[in-house]
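2 protein chains.
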Amino acid sequence: MNRLHRAGQVWSPVITPFGPDLEPDSDRFAKHCRWLLGNDVGLAIFGTNSEATSLSVSEKRGLLDSLVAAGIPAARMMPGTGHCAIGDSVELTRSAVEHGCAGVLMLPAFYYKGVSDEGLFRYFSEVIERVGSAALRVYLYHIPPVSQVPLSLALVERLLKAYPDTIAGIKDSSGDWSNTQALIEAFGEEIDIYAGSEHFLLQNLRAGGAGCISATANVNPGPIAALARDWQGADAEQQQQALSALRGVFEQFPMIPALKSATALYGGDDAWHRLRPPLVELDAEQRKALASALDMAGFDMPGRRA
Amino acid sequence: MNRLHRAGQVWSPVITPFGPDLEPDSDRFAKHCRWLLGNDVGLAIFGTNSEATSLSVSEKRGLLDSLVAAGIPAARMMPGTGHCAIGDSVELTRSAVEHGCAGVLMLPAFYYKGVSDEGLFRYFSEVIERVGSAALRVYLYHIPPVSQVPLSLALVERLLKAYPDTIAGIKDSSGDWSNTQALIEAFGEEIDIYAGSEHFLLQNLRAGGAGCISATANVNPGPIAALARDWQGADAEQQQQALSALRGVFEQFPMIPALKSATALYGGDDAWHRLRPPLVELDAEQRKALASALDMAGFDMPGRRA
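These protein sequences, in sequence, are chains G and A.
The numbering of the first sequence is our numbering, which starts it at 1 and goes up by one.
The numbering of the second sequence is our numbering, which starts it at 1 and goes up by one.
Bound-form chain G, shown alone:
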């Protein structure tokens, strides 16, 4: 039983702020993390929405060190540590374990496509064996729309059998509820099954999942965490509808630039607009459309300007 975070957990793949020369901005990063924690949302730093693959390993280690130095509790962090090169995955995973992070969210090597389960098993196995720590907790990251490297149920089962004390969960960002359901049915008693979006939060919790790790938890953390706490309450359906409606607004735009634009706008801090290539910020027209749609939806980021 590795479940550290039984039902009702929300994590945010924390967006990463950049300075004028596109260097990571550790102060703004810590401030955003504090605000998320204050809204009862955990820190899945270095996720897809964090532009993690656009950061070098040393940049990520520097950001992690800076968060810990700023007093952000590592026990509330689940850094993304999967890279194409095993050595990179080992280096960042080891750093996360040394800092006492709750776990790591691990992408498979994602350059080669159509690789075998045997190859993916060896990838995760090599990283786990090389890190070699009883404190390591690995959350597998299934995100075929982006990585194009799916993690099959057979692979999850094999990893769980080989590393029952290490494999702690999976994030399902397939967007396919039937896959999440199958994961919960197969493994939900043993490990944490997270939905990749709050669209599926209530469904996930009712089915026996652990909660969600969601992009929009960067901007709407309070209400998402509220449903994760109150999912057995009378107004859970209404809360779910409100969450999905707001998520729908963001989904009309490229997600990562839209999260950053909203953060810039509602925090009064233009620096948040910056992204690293190959991603591109929203243009003026898109920003205006997003601001207008968020305003119409009654969106707010309470306490953000403080």
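If chains are identical, the list can't say which one is meant, so a pair holds when it fits in one copy or spans any two.
Below, a list of computed lysine to any residue pairs in the SDA-like style, where the Cα atoms sit at most 25 angstroms apart:
#1 K113 to G175
#2 K113 to P150
#3 K31 to G267
#4 K288 to D117
#5 K113 to S152
#6 K161 to V97
#7 K113 to P144
#8 K113 to P145
The set of hints was computed from the structure by calculation and includes no laboratory data.
Following the hints, put chain A in place on chain G, whose structure we already have.
Same frame as chain G, now just chain A:
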């Protein structure tokens, strides 16, 4: 005019040997590179077939340093230096320039899919600007079947206009001859257009392309280089047919493991069988089938055991 290698060039994406703990094996690497050079094939180290994305930046820098230290001429090298993180691409590209490499073959950032030409332009632009060297020659790497991030003709045009002294060519591994043809028609007078396989070598040279950068140049370098030299000769079609037939044998197997198996077998050196996860070596049955098919095809790697 940036063309360093006018018509008739063959490069090999050099396969990378690993030791028992999957560490890069610089001695076997240098030996293989020498054999390729002796067959008139240039060294596109750190390509897709090199398992380059499975190597950390420091491992690649170490291998490049070791080749130079072993007396392999950098002027015959075209390392792959594109990574998802710009800082990684800059670091390895700078090292290649400092060593005097002929050029670098650059993948776009490949994690995010469906990115815009603007984002890809910024990616290449940031790397070029940050390296900031008049000696830099960039060969763009179009390999949509693997990277899933195609480079459009409009993007190539824009990069060529912005960096006419730096953009030196493109490798087209789309497998789509009509795309290679369009690239040659649009840019073949200005830059080197390489086919990604010797299947298209004669077609490429007749149309005005520069040659090929091909996986199977690792194992069949002599005959491929011979056609690149003799493509205007009377038996060019016959040579092309022989090359394609042998390539077809390798294409019946997973390509990278098959290249390594053939190298192990024909060089009498089992260490070459090793691959890094997520790739997996051929199993016993596949090895037997490959050996038999190569034997039937009259395949050899002359001078390999020497």
